[in-house]
Every structure is written in C-alpha cells, then in structure tokens.
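Number of protein chains: 2
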Amino acid sequence: MAMSSRSGADLALLLLGSYRNLVDEVVRELATRGYPDARPSHEYAIRAIRAGADSASDLARRLAITKQAAAKTIAALVERGYVTTETDPADIRRKNIRITDHGIGLITEGTAIFDEVRARWEGRLGAAELVELETQLAQFVGDSPINLDAPGWAAGQELR
Amino acid sequence: MAMSSRSGADLALLLLGSYRNLVDEVVRELATRGYPDARPSHEYAIRAIRAGADSASDLARRLAITKQAAAKTIAALVERGYVTTETDPADIRRKNIRITDHGIGLITEGTAIFDEVRARWEGRLGAAELVELETQLAQFVGDSPINLDAPGWAAGQELR
DNA sequence: AGTGTTGGTCAACCTGGTTGTCTATGTCAA
DNA sequence: TTGACATAGACAACCAGGTTGACCAACACT
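Quick mapping for you: the protein sequence lines, in order, are chains A and B. Using full-length UniProt numbering, read the first sequence as starting at 1 and increasing by one per residue. Using full-length UniProt numbering, read the second sequence as starting at 1 and increasing by one per residue.
Hints are all accurate, no fakes.
What follows is a set of in silico ranges between Cβ atoms, one per label pair, in the way DEER data are often shown:
(1) B:132 / A:91: 50 to 58 Å
(2) A:86 / B:126: 52 to 60 Å
(3) B:86 / A:98: 55 to 63 Å
(4) B:78 / A:51: 41 to 49 Å
(5) B:116 / A:91: 44 to 52 Å
(6) B:119 / A:88: 46 to 54 Å
Far from chain A, some chain B residues (derived; all Cβ distances over 12 Å):
(7) 31
(8) 37
(9) 88
(10) 94
It is worth saying that the hints were derived from the structure and are not from the lab. We put the CB at the ideal spot given by N, CA and C, even for glycine.
Given the sequences, and given the hints that come with them, work out the whole structure.
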C-alpha cells in the first residue's frame with residue numbers, strides 16, 4: 001500500500017530528525033577524534049570567525065545573534081582552547097579573535113566528518129538523488145529570512 | 001553550471017533551515033488565529049496526551065524526556081488553558097490530564113496549518129517529488145535511535 | 001506487615017539564547 | 001577643538017526546555 005501523503009507535522013519531524021541524526025553522528029565522531037566537548041554551535045562559530053568575523057560584534061552580526069550571545073560563545077571557545085582573544089592595538093575597545101591550531105583542527109575534522117556522513121547518505125540514495133534533495137531543500141529555505149550563512153538560528157540544544 | 005556536490009555541513013543547515021522555516025510559519029500563522037503563545041513543543045505534547053499519555057510520567061515516557069520536564073510542560077499547558085489536571089480518584093498519586101476545547105483547537109488549527117504549508121511545498125515540488133523526499137528523509141531517520149512518535153528531541157528553542 | 005515500585009515535587013543546574021543598562025573608546029562634523 | 005553620536009564590550013537578570021539528584025506519599029505484591 002503506497003503510503004502516499006504524510007502529514008505536514010510529520011514532514012517537520014522528518015526534517016528535524018534527519019538533521020539531528022546527521023549532527024549527532026558528527027558530534028559523536030568528533031568526540032572520538034579528540035574533540036569531546038565540541039558542540040555544533042562551536043563549529044558554526046569558528047567557521048564564521050574564519051570567514052572574517054574577528055570580533056564579538058562582528059561575530060554577532062554574522063551569526064545574526066546578539067553581541068552578548070556572541071560574547072558567551074567566544075568565552076566558551078576560549079575556555080576550550082579553540083580561539084584566543086587579544087586587544088586590538090589599533091582600537092582598544094576591540095578584542096580580536098584568533099583561531100588556534102586546535103580550533104583549526106576542530107573544523108577540519110568536523111568538515112571531514114560531515115562530508116563522510118553525507119557520502120554515506122549519498123551511497124544510499126544515489127548521487128543525483130541527493131543533489132536533487134538538496135536542491136529541493138534549498139528551495140524551501142530560499143524563500144525565507146533564513147540565511148544559510150548566518151546560522152544563528154541553528155542553535156537550540158541540538159544534542160542530548 | 002550544475003552546482004553538484006554541496007558539503008555535508010551545508011546539508012545539515014539545509015535540513016534544519018527547512019524545518020525552522022516550516023515550523024516558524026506554523027507558529028506565526030497560529031498566532032494570528034488566536035494562539036499567540038503556542039510553541040511547537042506544546043503541540044507535540046498535546047498530541048502525545050491525546051494519543052493516550054494522560055499523566056506526567058506517561059507523557060515523559062512517550063516524549064522520551066524526564067518526568068520533571070514533562071511536569072514543566074504540563075504546567076505551561078495548564079497556564080495557557082490547553083489542558084487541565086485533576087487527581088485520579090482511583091490513584092491519589094496520579095494527576096489525570098484532560099485536554100480542553102482550547103487545546104483541541106490548538107492541535108486542530110496546528111494540524112491544518114502544517115498541512116497547508118506542506119501543500120504549498122507540494123505545489124512547488126510536485127506531489128510525487130515531495131513523497132519521494134519524505135521517503136528519503138524517512139530513510140535517514142529510520143536507522144537511528146530517533147523515534148518520530150517520541151519527539152522529545154524536537155525541543156531546543158525552535159523559534160526566535 | 002514489609003519491601004519495592006511508581007507518581008509527583010522541589011531545587012539546582014546547563015545551554016544558548018534574550019533585554020536592558022552601562023562604560024569606554026572611537027569618529028565625524030561644526 | 002569640542003560636542004554629538006556610534007560602536008565594542010561587559011554586567012546582570014531573565015527565558016525555554018531540558019537535565020540530575022533527593023525526596024515523599026501512595027500503591028502493589030508476597
């Protein structure tokens with residue numbers, strides 16, 4: 001019996017479930033590779049920093065969160081040794097963020113694992129099908145205020 | 001130029017972005033229809049209650065969260081008038097949950113809106129394509145501890 | 001009875017955000 | 001040069017939606 005049309009609520013749960021499944025796997029694997037306390041938000045933040053957000057306010061704008069939230073995130077990153085901060089000599093107010101080797105390691109491994117999991121899915125669906133799926137999802141995301149480059153909305157507690 | 005293979009991290013963001021897009025729309029629309037303070041978790045919880053979880057411990061098991069968390073959720077539902085509780089005459093410890101008309105209204109409208117949004121997506125993708133997408137997502141979710149019927153993991157702060 | 005299980009509650013904590021307020025510094029224009 | 005405004009950051013309090021841990025009261029079973 002072709003199950004045909006599911007409910008909209010189920011669709012939502014499918015989307016979120018897939019996301020969490022993917023991300024949980026990445027976090028788990030990251031833990032076994034020497035980053036036991038890494039959270040998805042750390043990855044996103046470090047990526048944003050690497051992409052040019054070199055101060056708290058900058059990061060806040062990039063992630064589309066408040067600067068207070070950005071400051072907290074940075075504090076967490078410093079605590080874990082993923083970044084360091086030092087006062088900008090040219091502007092005493094600013095604290096420039098620099099990613100440590102450990103931080104680089106995190107996003108390098110993170111990216112690799114993300115891609116590994118994606119490859120696994122690709123193996124199951126077929127390359128063309130996965131690309132199509134991504135294209136379709138991009139359509140859903142496209143017509144919205146949501147900005148893939150500013151995944152501040154990606155927060156929540158994604159792992160338990 | 002066919003953009004072909006995206007990164008695994010992007011895939012994750014696409015999934016989450018689609019979810020939030022869908023859910024945000026539902027919450028927004030719900031607000032305009034007389035449920036301004038409804039949160040996704042409320043909907044999930046009321047659904048679970050309607051499906052038979054008539055006590056806090058029950059709800060906890062069903063949602064796969066702690067009973068304390070379930071109790072908090074129920075308190076929020078009572079506060080908003082979506083459910084009422086009364087002590088079970090047959091077992092003084094239990095507090096039976098009953099969904100109010102307002103609560104029924106919430107999930108009725110919620111379901112309708114979810115389906116409307118899904119229908120909109122269907123209109124864009126085509127019916128067959130959407131079903132295929134759902135089937136593919138179900139595959140990703142299927143091989144995991146994630147249980148669509150126990151969306152406790154769906155929490156996080158899904159809306160900003 | 002006595003022992004163990006179950007339902008619920010209190011309290012403290014965590015994460016990742018939010019507002020609101022404040023100071024210190026920088027910038028720019030009159 | 002000064003005075004107005006913008007910006008960087010920090011502090012404090014709060015919120016949602018979870019978590020642990022400790023507990024008590026009520027039920028169930030032998």
